[in-house]
Amino acid sequence: MLQAIADGFMSGAIIALGAIGLTLTMGILRFANFAHAELVTAGAYIALAVLWLTGAFMGPIGPFSFGIPMLLAMVVAMAGTSVLALTIDHLVFRRLRDRSGHMTLVFGSFGVSLVVRMIILLIFGGAATYYSNELQIAMRVVPGLRIMPDQLFVLGLTVVIVVALHFFLQRTRLGLSMRALAENPELTRVNGVDTNRVIRWTWIIGASLATIAGVFYGLTIQLRPEIGFHLILPLFAAAILGGTGNVIGAVIGGLIVGMAESLSVLFIPAGYKLAVPFLILLLVLYLKPTGLFSGSAGGAK
Amino acid sequence: MSEVLLRVTDLVAGYRPDLPILHGINLHVGAGEMVTIVGPNGAGKSTLIKAVAGLLTITGGHVEAMGHDITKVPTEKLGEAGIAYVPQVANVFTTLTIDENLRLGAAALDRPLAARRIEEAYQRFPALKSHRNHKARALSGGQRQMLAFARSLLCAPRLLMLDEPSAGLSPLIVQEVFTELRALMKSGLTILMVEQNVKAALAISDRTYVFAEGQNRIDGTSEELTQNQEIRAIYFGNAGAGNSASGDS
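Going down the list, the protein sequences come from chains A and B.
Going by the numbering used here, the first sequence opens with residue 1, and the numbers climb by one from there.
Going by the numbering used here, the second sequence opens with residue 1, and the numbers climb by one from there.
Hints are supplied without guarantee of correctness; some may be wrong.
[Unchecked claim] Some chain A residues flagged as far from chain B (calculated, every beta-carbon gap over 12 angstroms):
hint: 1; residue: Arg30
hint: 2; residue: Gly62
hint: 3; residue: Val76
hint: 4; residue: Ile123
hint: 5; residue: Leu155
hint: 6; residue: Ile204
hint: 7; residue: Phe229
[Unchecked claim] FRET-style restraints, in silico, Cβ to Cβ:
hint: 8; chain 1: B; residue 1: Arg217; chain 2: A; residue 2: Leu114; range: 52 to 60 angstroms
hint: 9; chain 1: B; residue 1: Gln215; chain 2: A; residue 2: Leu282; range: 47 to 55 angstroms
hint: 10; chain 1: B; residue 1: Gly42; chain 2: A; residue 2: Ile221; range: 39 to 47 angstroms
hint: 11; chain 1: A; residue 1: Val141; chain 2: B; residue 2: Glu80; range: 53 to 61 angstroms
hint: 12; chain 1: A; residue 1: Tyr286; chain 2: B; residue 2: Arg217; range: 47 to 55 angstroms
hint: 13; chain 1: A; residue 1: His90; chain 2: B; residue 2: Asp110; range: 42 to 50 angstroms
hint: 14; chain 1: A; residue 1: Ile268; chain 2: B; residue 2: Ala90; range: 42 to 50 angstroms
hint: 15; chain 1: B; residue 1: His62; chain 2: A; residue 2: Asp98; range: 20 to 28 angstroms
hint: 16; chain 1: A; residue 1: Ile221; chain 2: B; residue 2: Arg137; range: 22 to 30 angstroms
hint: 17; chain 1: B; residue 1: Arg182; chain 2: A; residue 2: Tyr286; range: 52 to 60 angstroms
[As the list claims (entries may be wrong)] Residues from chain A shown here face chain B by an in silico Cβ test under 7 angstroms; the list is partial:
hint: 18; residue: Arg173
hint: 19; residue: Leu176
hint: 20; residue: Ala180
hint: 21; residue: Glu183
hint: 22; residue: Arg189
hint: 23; residue: Gly192
hint: 24; residue: Asp194
hint: 25; residue: Asn196
hint: 26; residue: Thr220
hint: 27; residue: Leu266
Since the hints were made in silico from the structure, they are not lab data.
No residue lacks a Cβ here, since even glycine has one placed at the ideal position from N, Cα and C.
Put together the whole structure using the sequences plus the hints.
Laid out in structure tokens, this is it:
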């Protein structure tokens, strides 16, 4: 039980990072972007490509399976995925935003997700792969609970990122503009805010967090072109559970979904684990469609 | 004649390019004036203000502010043109605190100037200062209107455009809002206002335009319009009941 809770917490942290970007784009751009999960996959594979190009020129850091090159690759991948997200917005979403309704945008995002997934499949192939061949020995924290150092790194960095993002949204002018844009785009423009610039930064932040989620997924599980496909439901469940546009809500939603997935295998066959986020999504939409923390403090809204 | 701050010439505009609501509007606002636009629902009053603010598609005519053509100036550059706009509803960010609303209004200014202007806004509207860290959703209708005024003044506009500032407010609060508008005008601000409350609008403004079906039908000083038989018949119930009938249109 203790191990399942810890594992749920770890996978919840990854879901949370992906869900933050999704909830920001849903809150600010006002559409459900089904291509967001593919940014997670793209980020993970761009980091892998950078690692292939640079090589693991230094050994792993301390007890972790990765070294400095992995962290550098993650930063490069964040930039690469941001460029990809901005390009997709420029070529597809911006045109649809200006000329059509929300449903067209949603269907457009379906199309974009398929294209991105197929390109990744074409370049990297369908086989599962890993960033490192280093073997990780799980540390025994307390009786019945073993955690790998990489998982602790993922958890620690997730906490730092969430705190930093919260501070950014609450204290900076850009963060304030993002929260304003999520509530009232017209009034935001009336206040002299360049909303296109805010939208660009929303994509950059969302894509960067998706990359980190993808790299963490690759570090703690494995790399597969279907990462996005498998994460899409948990991401939406977390974002909707937390209340659209609410960053802290998305984090809590991610942890709840991760935990529910992990604990479910204690009671149902592991094959049904993927259905858990779907059930959570249905329950939220049925019982509280605005999410648990809609309109509360700490988010884009 | 005083300097013309806003001149609208033959303006054709609407929410869709193929469906214009304004059909050739002409109006001007002189420096230091308070000009009101009145008219029945659907006359195009709010549409005119939104079109000037750059929020709608202009398909004909042009708009000049302070001598510069602003017909195609985007909404976010309105402040740079010396114009502030307060929408009718949703004129504050309810999920942001009062302080955050003001910080956003001053986002185009450098930080020391923004801090100074926000402090000045608190001095002008002391009720806002005591609630500065409260969400704007907690404010009453009148307080929200004051916050909207305060935010719109942060960039020191020369022309303030208001879309029905009395909408949804109790008569007592409307008096407060109009008193504040008079004070703003005395401080040198020029005001263009859309108003449903015709009696109150004529009482407070220098000149009034009467819109109908997307065109300006009648205009003149408020005194002239108060004496106009047609206006009295339409808005004051009958020709001789100007002082007793409701002014709501």
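Which numbered conditions among the earlier hints are violated in the structure presented, ordered from lowest to highest? The structure breaks hints 10, 13, 16, 25, 26, 27; every other hint is satisfied.
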